[in-house]
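Here the protein sequences come in this chain order: Z and Y.
The C-terminal residue of the first sequence carries number 116 in the working numbering, and the numbering is unbroken.
The C-terminal residue of the second sequence carries number 227 in the working numbering, and the numbering is unbroken.
These are calculated hints, taken from the structure and not from any lab test.
Some hints could be false.
Here are the computed lysine to any residue pairs in the SDA-like style, where the Cα-Cα straight-line distance is at most 20 Å [said to hold, decoys possible]:
(1) Z/Lys-108 <-> Y/Arg-223
(2) Z/Lys-5 <-> Y/Gln-157
(3) Z/Lys-5 <-> Y/Gly-156
(4) Z/Lys-108 <-> Y/Pro-220
(5) Z/Lys-108 <-> Y/Glu-160
(6) Z/Lys-108 <-> Y/Asp-202
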Amino acid sequence: DQQVKQNSPSLSVQEGRISILNCDYTNSMFDYFLWYKKYPAEGPTFLISISSIKDKNEDGRFTVFLNKSAKHLSLHIVPSQPGDSAVYFCAASGRDSGAGSYQLTFGKGTKLSVIP
Amino acid sequence: DTGVSQDPRHKITKRGQNVTFRCDPISEHNRLYWYRQTLGQGPEFLTYFQNEAQLEKSRLLSDRFSAERPKGSFSTLEIQRTEQGDSAMYLCASTDYNEQFFGPGTRLTVL
């Protein structure tokens with residue numbers, strides 16, 4: 001069973017507009033959420049994170065929103081730029097991972113294409 | 117560059133051969149993770165070290181896989197008797213808090 005789901009495999013957005021990437025999770029023990037950006041043949045690059053005690057975190061053009069009751073988070077990119085084109089992964093960690101590892105559980109990713 | 121590094125970046129091997137990958141984490145990070153990513157999937161957790169102690173292993177880590185982190189610095193991941201199903205990107209990450217920082221990965225192809 002997939003504990004972190006990104007239901008949109010791809011998203012196309014015009015340059016300058018808002019990109020909204022969505023993520024749903026099922027494990028109520030998750031208490032920390034992260035977004036990563038990945039280019040082909042490279043490792044994931046950390047973008048932004050949010051703790052379950054918050055409902056919003058902002059860093060420049062990137063904002064993450066967390067709705068705990070719906071077990072849903074989203075990443076907003078405003079304004080979108082062609083360099084933002086990549087695969088975006090949602091990840092979660094929580095207290096229930098054994099030995100306090102806080103291992104990350106990832107979604108399958110959403111490929112964002114920003115069209116000039 | 118003080119990021120996470122991995123070596124080699126690419127490895128092609130024949131089925132049945134042994135392979136070893138190396139990860140050098142960010143120097144002040146005491147927690148180190150290995151993940152595996154296959155096409156169309158997100159990274160999946162393999163194993164975790166706190167300093168030199170291997171504290172958790174995923175059920176994905178069969179007995180053909182072994183990982184070490186001597187002296188709590190670099191780590192190695194060895195796969196014995198490789199199978200075609202082992203073909204994947206192997207990622208290493210390190211952290212000292214919540215955000216994990218990933219290396220560029222080692223792409224393994226088993227022929």
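Hints and how they fare:
1. Z/Lys-108 <-> Y/Arg-223: 18 Å, holds
2. Z/Lys-5 <-> Y/Gln-157: 11 Å, holds
3. Z/Lys-5 <-> Y/Gly-156: Holds, because 13 Å separates the two Cα atoms, which is no more than 20 Å.
4. Z/Lys-108 <-> Y/Pro-220: With Cα atoms ~18 Å apart, Z/Lys-108 and Y/Pro-220 stay inside 20 Å; holds.
5. Z/Lys-108 <-> Y/Glu-160: The given pair, whose Cα atoms are some 10 Å apart, holds under the 20 Å limit.
6. Z/Lys-108 <-> Y/Asp-202: 19 Å, holds
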